[in-house]
Amino acid sequence: MAESIPATHEESHGDSHGGHHEESWVIKYLWSTDHKIIAMQYLFTGMFMALIGGFFAYTFRMQLAFPGESIPGWGMLTPPDYNALVTNHGTIMIFWVAMPVLIAAFGNFLIPLMIGCDDMVFPKLNRLSFQIFFLSTVVLLASFLVPGGAFGGAWTAYPPLSAQSAYSLTPWGAPLWVLAVALEFVAFLMGGINFVTTTMNSRAPGMKMHDIPMIIWMIVIASIIFMLSVGPLVAGAVMLLFDQLLGTGFYDPARGGDPVLWQHLFWFFGHPEVYVVLLPAMGIVVEIITTFSRKKFFAYKATLYTTFAAGIISFTVWAHHQFIAGIDPRMAHIFTVTTLLISVPIALITFCSIATLYGGSIRFTTPMLWALAFIFEFLLGGVTGIYLGAAGSDIYFHDSYFVLAHFHYTFFPIGIIATFAAVTYWFPKMFGRHLNETLGKIHFWGTVIPFNVIFIPLFVLGLAGQHRRIYAYTLFPDLAKAEFQDLRVLATVALLVLLVFQVVFLYNFFVSCFKGRKAEDNPFEANSLEWTAASPPPHGNWPELPTVYRGPYEYSVPGREKDYWPQNEPS
Amino acid sequence: MSTSRTANPVPYSTEPRTPAVPSGVLGMLIFVATETMLFAGLISAFTVYRASSVVWPPPDQPRLPFEETAVNTIALLASGVLLYLACRTLRAGDHTKGHKFLLASTALGAFFVFFQGAEWVALISDGLTLTSSNLGGFFFLIIGLHALHAIAAVGVLFHAWLSLRKGFVSLSLLAAAEVFWYFVVGVWPVIYLRVYL
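Protein sequence lines correspond, in order, to chains A and B.
In terms of the working numbering, the first sequence is residues 1 to 571.
In terms of the working numbering, the second sequence is residues 1 to 197.
Simulated from the structure, these hints should not be mistaken for laboratory data.
Any given hint could be a false lead.
As the list claims (entries may be wrong) - Partial list, computed: chain A residues near chain B (C-beta under 8 Å):
(1) LEU183
(2) VAL238
(3) MET239
(4) PHE242
(5) THR248
(6) PHE250
(7) ASP258
(8) LEU261
(9) LEU265
(10) GLY360
(11) THR438
Glycine included, C-beta positions come from ideal geometry on N, C-alpha and C.
With the sequences and hints as input, model every part of the structure.
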């Protein structure tokens, strides 16, 4: 049966094989309403886009390290191409990698499995969500093939540069970019409605609010933040599209418009968006750390309520991106305070994860390494953010490589490290086979070490005043010094190493998909419900839906023979 | 089933769950929350723009028809009330009466859309267009977006009425349509007072 809503249509009753149709490959994998298939569609699209985004990073980092030389795989990089590649690297990595993988793929895969139901509440809406997302991907990639090339006005698309083709020089690329982003938001809106409604209404009998695994709460809260913040951005995007195509002057100062208005609308969404991707990442880390520490998660309720608090505060920090955009200094003070304030709940969640480790019997599996790396690297990202949140120091750091390095120290742990943690942890459940642990660890070190070697030099360059968005530093005598150039080359070489090590992951992933050791139902001896289903779970997830008797983190309970206690086991 | 070992004081129930809010309504409520933020974004952008303009309204632009639209506003609010009555009578099981209320509500909604269309034709011929000034830009953007919602909602209400005439309407569809129409009706007075006044 394809839907969890009470079936009223005749075709759902017409067959005798436990509600299953014999489906063709297309229906089964491309037109499915099954949440697991949709999760895979999001995951593979996200992985494909990550390769493209990574390739873009390679091209412009090569240009910065070896300006004016032909880049293997691309050729000479012209300034408009450089702009388009940087812009779309950012856009792709945030909107087409971090969001589809962390929220859409793992949200779709985990929510029904972890709360114990057979599918999302609105399965057809879910299918439509992916289809629109796929369309948005096509539109974004198509923008590279139109006259004038892809949009090059940075992923923040500030007007007036982005609002008129006379400035952006991309008469087709800029509107296509806005359209792709808008379509993507519609897709995630549909996904978010499903996530929240399913979690609220379809939980297994017995699962109370405080028995919901933290990752599910994090995805739900992230979806709520996303849906409440995306409206103003869509409003702003429509106005931008009208400016580009219909000749309105919403952002044109010459006609009474206000370019800073876009910055407000964009960052009103843009900052909560950080928490939209951060919260699922932290949820993943909580699940993994608890499982591999064999200990109850420290302070479940405190973490849950602080997450809500972080979600609320995240709506009040946006103008810290605009300290030098001419906003009133008194307003800047307010936003400094709220920005520093939001580090408190996030620090609390991090401390709870660390406290969970204390006294546990830790198993250093590959997913555990990724989860610990997340905490360590994200900590650096969070601490460097304090300098940017304070208006006084931000005036110096603004638009320098310090911002860029800080940003990547938050988003790389979120979008890459936590994603690898999740993929390696749930891989046995998703594909029914184990990944190779040795290759997993080689890939781990080959990713985390080069990551630091890329971005620590960029912190140094930013402190020395190196500005972002410069095509060739040879034109700027102050920045063209040899010691700076050496750091740029170091960062680029580290990026090459990082990219090469991703081949190890891809090899491990695809070979293990087909040839890996067969996975048992609960290979990591974890408590939450997804491990009680078969690996991989069949359509409908369980022959009989589970009942829940306790919270998800009852590890090492005294007096029990086993050190774990599945949620569905009657006491 | 003893729960003595778990710290939780409330015993675990294994009864199937009955949702506090039906899924269709909850989904629509979340959607409406997003829509509210969309309109909030547009209206606050308009407010900021208006507050920072030296002269308001732009002197060479036609005045917005505040008085005529008051009639239309009342029609829309009445449509909302009628839908409430329709749903109440339908849930009580009185189909003939609910049927009439639903049709009246739909008709008033359609009246609102047509009145608005006529108003647009007049304004455009008077020289207020999307590109004539930012007043025109914001006016057509905000009112047009609301009109799109109204048209979609009237379509859903009409669909519900048609299925009711055939003898069956899904109560969850009706409840979701109800939430959406209340949103379209409820956001209008805010738009009216901010944009027209």
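These are the hints, each one checked on the structure:
no., hint, verdict
1, LEU183, "violated (15 Å)"
2, VAL238, "holds (7 Å)"
3, MET239, "holds (7 Å)"
4, PHE242, "holds (7 Å)"
5, THR248, "holds (4 Å)"
6, PHE250, "holds (6 Å)"
7, ASP258, "holds (6 Å)"
8, LEU261, "holds (6 Å)"
9, LEU265, "holds (6 Å)"
10, GLY360, "violated (19 Å)"
11, THR438, "violated (39 Å)"
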